[in-house]
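Engineer: As a plain string of letters, each chain reads:
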Amino acid sequence: MDDSQARKFQKDLNAGLVALVLLAVLAASSEDLYGYEIAKRLQKASAADALFKEGTIYPVLRALSAAGLLTSRVVPSYAGPPRRYYRITDEGRDLLKEWRRIWRHTRDFVNRFTEGTPP
Amino acid sequence: MSSNAPRSIDDYLEQLRAALEGEDPALIQDALYDAEEYLRAEVAAHPDKSEPDVLELIASTYGAPDEVAAAYRDTEVKVKAALRTPARAAADHESGARRFFGVFLDPRAYLSLFYMLLTLATGIAYFTFVVTGLSLSAGLAILIIGVPFFLAFVGIARVISLGEGRLLEAITGERMPRRPVHPGPRTSWWSRIGAMLTDTRTWTTLLYFLIMLPLGIIYFVSAIVGLSIGGRLAIAPLVLIGRHAGWLGEHLSLFDITVGSHYWSVPSAGSVLGSLLLCALGIVILTLLMHAARGIARAHVRLAKALLVEPGA
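Chains V and P, in that order, are what the protein sequence lines are.
Count the first sequence with my numbering and you get residues 1 to 119, in order.
Count the second sequence with my numbering and you get residues 120 to 432, in order.
Just chain V, same shape as in the assembly (with noise of 0.2 Å):
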């Protein structure tokens, strides 16, 4: 099977799912992330099979930013350029218990096809 038919069946999968990653994981952080931080957690997660590459997050974060679910603030920092620290916010946090619920739906619905025999 082609290679690219896989990595673009990927992509379409993940076009809404960095954003729930992100928002999950920024609702589990007690504290407030950066980009690089975020990333790495992601990696310790998926060992070594990642869903999508660290570099597609940081759009997505600004995205959610400007869409009011993120507050940010720049920090300066000493090994590169100022980082910009994320926190979810209570619309952010809303939408994800949403956003949660139509994941569950969606992956129920999806593996009742996929796993076993459907009903």
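Incorrect hints may appear among the rest.
Unchecked claim - Restricting the straight-line Cα-Cα distance to at most 27 Å, the calculated cross-link-like pairs of lysine-lysine (DSS-like) are:
id: 1; chain 1: V; residue 1: Lys11; chain 2: V; residue 2: Lys97
id: 2; chain 1: V; residue 1: Lys40; chain 2: V; residue 2: Lys8
id: 3; chain 1: V; residue 1: Lys40; chain 2: V; residue 2: Lys97
id: 4; chain 1: V; residue 1: Lys11; chain 2: V; residue 2: Lys40
id: 5; chain 1: P; residue 1: Lys424; chain 2: V; residue 2: Lys44
id: 6; chain 1: P; residue 1: Lys168; chain 2: V; residue 2: Lys40
In case anyone wonders, no lab produced these hints; they're calculated from the structure.
Fair warning: this is a prediction, and the values are worked out from it, not measured in the lab.
Dock chain P against chain V, hints included.
Structural biologist: This is chain P only, laid out in the frame that chain V set:
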């Protein structure tokens, strides 16, 4: 792919910039900023490895430059589609009159008018800032304090230019950078000051701040003149009613203008037809002003982009 894999951070950023060729310069600035944050943090987190080794690792975690470029392009399209106001699409197939007066329903026109009024204040502030900063830098250059002073001055100028960009994006919707220009790796003060002096954007940014004063004066005066003349004419019927009802004194005329010994008056303002015609004229002037404000803001954001964003991107 692996034959031209980036060997250093600068190499990676160069390839990312090439992969984003043709995109909005503001988007490129943001993407380079994000990548640099990640790459420098990653290199710093692996002090035992050489930079090429870390960059090899990065291709599989952060993504290769073209993958990252594709992610920015996709997200940008989605976010733009989500944030765009749907009103613009309908404007194309509306009748002439509706299009002409439809400007009153466009929030951007009001924001643009507000921006025209605001530029007098910001123009004065920017101009003062640049003139003070440049002359103090020149004056202090013979002392050791001159170098950090100039660095701080240019740094503040960059922050202000980012703020001006955000303001313009809010008003016109044109994409402007959301991240500042990254000053590059930490090197000695002398090499940083040299880089700042040779960077065209430093000078175009300062030039933008300087021309904001004359532009601000022109914008402010146009807006005020349009608003007061249009407004005065538009309320002509109200003045007529007020005068007949005795609310306004006979001597109080809103349509007599005296400049020195010159004296103009609009005699027909006293008649019903005359005041209605003046009212119509006033509304047309106000509408034209709104259109002009929108046009000026659009032209201005292009100028701002050319001077504040483009040269370095």
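Engineer: Can you confirm whether the C-alpha distance between lysine 40 of chain V and lysine 97 of chain V stays at or below 27 Å?
Structural biologist: Satisfied, since the Cα-Cα distance of roughly 24 Å is no more than 27 Å.
Engineer: Given the hint that lysine 11 of chain V pairs with lysine 40 of chain V, does the C-alpha gap stay at or below 27 Å?
Structural biologist: This hinted pair holds, its Cα atoms lying about 21 Å apart.
Engineer: Can you confirm whether the C-alpha distance between lysine 40 of chain V and lysine 8 of chain V stays at or below 27 Å?
Structural biologist: Status holds; Cα separation ~24 Å.
Engineer: Holds or violated: lysine 11 of chain V with lysine 97 of chain V, Cα cutoff 27 Å?
Structural biologist: Holds, because 24 Å separates the two Cα atoms, which is no more than 27 Å.
Engineer: Sort out whether lysine 40 of chain V lies within 27 Å of lysine 168 of chain P, counting only the CA atoms.
Structural biologist: 18 Å, holds
Engineer: Would you mind confirming whether the straight-line C-alpha gap from lysine 424 of chain P to lysine 44 of chain V stays at or under 27 Å?
Structural biologist: 40 Å, violated
Of the numbered hints given earlier, the model fails hint 5 alone.
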